[in-house]
Amino acid sequence: DGGITQSPKYLFRKEGQNVTLSCEQNLNHDAMYWYRQDPGQGLRLIYYSQIVNDFQKGDIAEGYSVSREKKESFPLTVTSAQKNPTAFYLCASSIGSGGTGELFFGEGSRLTVL
Amino acid sequence: GQNIDQPTEMTATEGAIVQINCTYQTSGFNGLFWYQQHAGEAPTFLSYNVLDGLEEKGRFSSFLSRSKGYSYLLLKELQMKDSASYLCAVRDNNFNKFYFGSGTKLNVKP
Chain D
7 DGGITQSPKY LFRKEGQNVT LSCEQNLNHD AMYWYRQDPG QGLRLIYYSQ
57 IVNDFQKGDI AEGYSVSREK KESFPLTVTS AQKNPTAFYL CASSIGSGGT
107 GELFFGEGSR LTVL
Chain F
1035 GQNIDQPTEM TATEGAIVQI NCTYQTSGFN GLFWYQQHAG EAPTFLSYNV
1085 LDGLEEKGRF SSFLSRSKGY SYLLLKELQM KDSASYLCAV RDNNFNKFYF
1135 GSGTKLNVKP
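As given, the protein sequences belong to chains D and F, one line each in that order. Sequential numbering of the first sequence, starting at 7, is according to the numbering used here. Sequential numbering of the second sequence, starting at 1035, is according to the numbering used here.
To be clear, the hints were calculated from the coordinates, so they are not data collected in a lab. Please note: incorrect hints may appear among the correct ones.
Unchecked claim - Simulated restraints, written as ranges between beta carbons of each label pair:
# : chain 1 : residue 1 : chain 2 : residue 2 : range
1 : D       : Lys63     : F       : Leu1088   : 47 to 57 Å
2 : F       : Ser1099   : D       : Lys63     : 40 to 50 Å
3 : F       : Lys1115   : D       : Lys15     : 17 to 27 Å
4 : F       : Thr1042   : D       : Glu113    : 44 to 54 Å
5 : F       : Leu1085   : D       : Gly22     : 42 to 52 Å
6 : F       : Pro1144   : D       : Thr83     : 41 to 51 Å
7 : F       : Gln1113   : D       : Ser73     : 22 to 32 Å
Since the structure is predicted, the reported quantities are computational estimates derived from the model, not experimental observations. In this text, a Cβ means the ideal position worked out from N, Cα and C, and glycines have one as well.
Could you put the whole structure together from the sequences, leaning on the hints where they help?
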């Protein structure tokens, strides 16, 4: 079945460590996104990519980095520079243009900094 | 800037009808989306409006007025499984960025 796979589902990190969250999609979508969700808050955009080898900062990119070397993959690295990384991270994709173009989400990765 | 407002929480009774409102002020507009999110899970797509008017999809309907920057999601014949957060999102017309409101937590009571 087509969809978006995020891993790991749960991740614990010590302060000062970098961690990478995986996001893979087999929907043949051009656009991919990373959002962060904190309790009681909406989704905030971290980074997005409209096409392979290109990506743009969202509203809260500081302390994060991404790459888009393949159409299917859009990993997110949470660096030690991110001051408050404990959150629920959601990866999404969309067809990019044409049709409804709604976002399809992965199951999410919950990161806890100890 | 982008500003999307929704009520924080609502309570309704099983079998009833509930309307969740969303107002938005965004620099660009290329569609309004509603998503359902159960606790701890990913959001799932419910509806999409790009033109003014009502879109109906089974028990769920969504309305849009672009001139007023206003949308609502209407849920009919409420079921207990409808207890979830409902997210309003606006897609801008530049790079297809999506902006989300904080979500409305709906509690359905027996």
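Hint check:
1. Lys63/D <-> Leu1088/F: 47 to 57 Å: violated, 37 Å
2. Ser1099/F <-> Lys63/D: 40 to 50 Å: Violated, since serine 1099/F and lysine 63/D (Cβ atoms, about 32 Å apart) do not stay within the stated range.
3. Lys1115/F <-> Lys15/D: 17 to 27 Å: Roughly 23 Å apart at Cβ, these two residues keep to the hinted range, so it holds.
4. Thr1042/F <-> Glu113/D: 44 to 54 Å: violated, 25 Å
5. Leu1085/F <-> Gly22/D: 42 to 52 Å: holds, 51 Å
6. Pro1144/F <-> Thr83/D: 41 to 51 Å: holds, 46 Å
7. Gln1113/F <-> Ser73/D: 22 to 32 Å: violated, 43 Å
Violated hints, listed in ascending order, are 1, 2, 4 and 7; each of the other numbered hints is respected by the structure.
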